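Asks: Chain residues, written in single-letter form:
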Amino acid sequence: MASVTLKHVTKTFEKQTVLDDICLDITEGSFTVLVGPSGCGKSTTLRIIAGLEKETDGEIWIGGQQVNNTAPGDRDIAMVFQSYALYPTMSVYENIEFGLKNRNVPRAERKKLIDEIAEVTGLADYLKRKPATLSGGQRQRVALARAMVKKPKVFLMDEPLSNLDAKLRNQMRQELIMLHKELGTTFIYVTHDQVEAMSMGDQIVLMNGGRIQQAAQPLVVYDQPSNLFTAQFMGTPPMNMFEAMIDASGKEVKIGNHPITKPLPANHLAALHSQRGQRIHIGIRPEKLQMVSHEQAPLSLVSKSDGFDITGIIDTREALGSETIYSVSTLYGRVMVKSYQEELLRVGESVVVYFPYVHCHYFAQNGERIARDAFFSTRADVSGGV
Amino acid sequence: MRAAEKLRPYLFTAPSMLIFWLFFLYPIGYMIYLSFTSWNMIHPVKEFVGLENYQELLADPDFHQVMSNTVLYTVLSVLIALGLALVLALWLNRSGWVYSMMQGAIFSPYIISLVSVSLLWLWLMDPQYGLLNWLLGLIGLPPSPWLSHNDTAIYALVLVSVWKMVGYNTLVCIAGLQSIPKELHEAAQLDKASVWSEFWRITLPMLSPTLFFLLVVNTISSFQVFDTVKIMTQGGPVNSTNMLVYYIFEYGFEFFKIGYASAAGVVLFVLIGLMTVFHFLILSRRVHYR
Ligand SMILES: Nc1ncnc2c1ncn2[C@@H]1O[C@H](COP(=O)(O)OP(=O)(O)O)[C@@H](O)[C@H]1O
Ligand SMILES: [Mg+2]
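These protein sequence lines are chains A and B, in that order. Quick note: the first sequence, position 145, residue 145 per our numbering, numbers continuous. For our numbering, count along the second sequence from 1 and bump the result up by 1000.
Derived from the structure by calculation, the hints contain no laboratory data. Keep in mind that this is a model prediction, so the values were computed, not measured. All residues carry an ideal CB built from backbone N, CA and C; glycine is no exception. Hints are not guaranteed to be accurate.
[Stated by the list, open to error] Listed next, the stretches of chain A that the computed footprint assigns to chain B, with coverage defined by at least 3 CB atoms under 8 angstroms from CB atoms of chain B:
| # | segment |
| --- | --- |
| 1 | 71–77 |
| 2 | 251–259 |
[To be verified] Not everything, but these chain A residues come out facing chain B in the computed CB check (under 7 angstroms):
| # | residue |
| --- | --- |
| 3 | 52 |
| 4 | 83 |
| 5 | 85 |
| 6 | 126 |
| 7 | 357 |
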């Protein structure tokens, strides 16, 4: 167990800045997920922690020790690669043994450790096999066993599940969460999959373009995204985002050219006061919108005072079983609605979409979140996978 | 209609089958036939003599020497050319213009015609005016007789062969090294492998298909050495550099004993066939293929 700290870490490849001033605190024993779109620098960050890549600038600390000049083999870490990187010419046993041998662990003890690990990972029957004769899931386990047997202080994993099929991936996800609980070791896990990030991490570090966008617990990232990018990266479909204009008085809000049907409540207007006369972005998650067919709208209970609404026509419908995703064209533009209603609405149907104020997010012109009073029920201390 | 359907695959393969029969099977068959005859290439009758040519061949002390020369030459050339290539590949397998230039430089002998190479080395190895002896003199060593003494001549030929082959081998080895996934080396680093154990446990096993390929190709081509012998030594001094293909050439086209030369040709053919089978059956079990 050890904490990992990056201080102002920068990395450039031939003048291309890949990591820009990364500052990151990873607490001892946490399950931290680095997530972000492809090419944002997640792997590079992980590889710098491992020592496989040399940082251009900045400090790397593992367990209270600066390791900038420590060889990867001496950093007390283990890494699971996306490709697993099993040694193809060695048997499963030898693969697991290699790291121990190089650390001069005596033969008898090696055997004991490997037998233990093989039992835990369910590889006992495969120890003599070559990696090429194993299935994807089994190779994954060998990679894990090879990492675990060294009893590292920090586990690094770079998209370890992305080569597995969906079912196996779900299963391994659960197993990794369990494993983390049992070992209590610090896990740093890289993925581009936001669902994996939400479900596994107790801290999410969201990256884009070589910068950290937000580092927080999963539900904080989801409920209080710190900027436009974060808001739209997490969640499927992504958060609806509308360009809006606040008039000089700070009272009236227009989305596009259309004033919203009911004025925002006073506390929202207060928070937006500094943005008078400026453009902002209003965001709302698809599952927070409520939608009824036009005929039922007046009768519906949702058309109460705590929200505004817009009429529209359903363009497309994806019925996924447990939920249904509608794309609705409105005067505000395209609106994605995720509904859990049993009764489906038809494509082409005229509908009213309600925007509850309580679920509206505001972002300034520069993309930064505009904070307002602690309004959200704080789900923050609930963390993924725990 | 049906007949045409049946005929089609044969028609498609006909051109390559024709070439195969005409230029491969027919000459081999003809050579085997000739090896049972006595013929001087001019006489209208090829007299059938049974196994007489083979008996004569196996009893000829010159042939024994030729065989041991060929084996010595092949083993030395292949081992040195491969070992040196591996070392060079490990050294030159990095980016940067210096390394690219070095790679180009050691590859260049490979594209020069063997005849020119032979003439060049003949001159370099000249006992009196050659550059090599001048260099030896510079560092205070006694001059070497090179090609002109039966103790050293075959090693001089090995030197030329290594010089010619090592560039190609190195380039193929570099390609082999580059096809080893980078993550394997990284995983080894994380496993705290020493440079030594990384080489023995990862690099070398992963490179084994490449080395095996080179071993087969080099062995076969060394076994058939001819140009350098013909131009540089004509098999001498005192038969010390006479090797199988040159021996066949001499009997066939200088002594016109076609039947006898064919018998030696059959021996060469069988040996190379056996070597190939041996390589693939026995050695390939110890080689890792992905
Ligand atoms: N060895 C390298 N040389 C040059 N550019 C690299 C190298 N490794 C990564 N990059 C670049 O750095 C950026 C981030 O890469 P990476 O960390 O692998 O992204 P991610 O893992 O988030 O997909 C990419 O634009 C990639 O092209
Ligand atoms: Mg990556």
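Asks: Evaluate each hint against the coordinates.
Replies: Against the structure, the hints:
no.	hint	verdict
1	71–77	holds (count 5)
2	251–259	violated (count 0)
3	52	5 angstroms, holds
4	83	6 angstroms, holds
5	85	4 angstroms, holds
6	126	18 angstroms, violated
7	357	51 angstroms, violated
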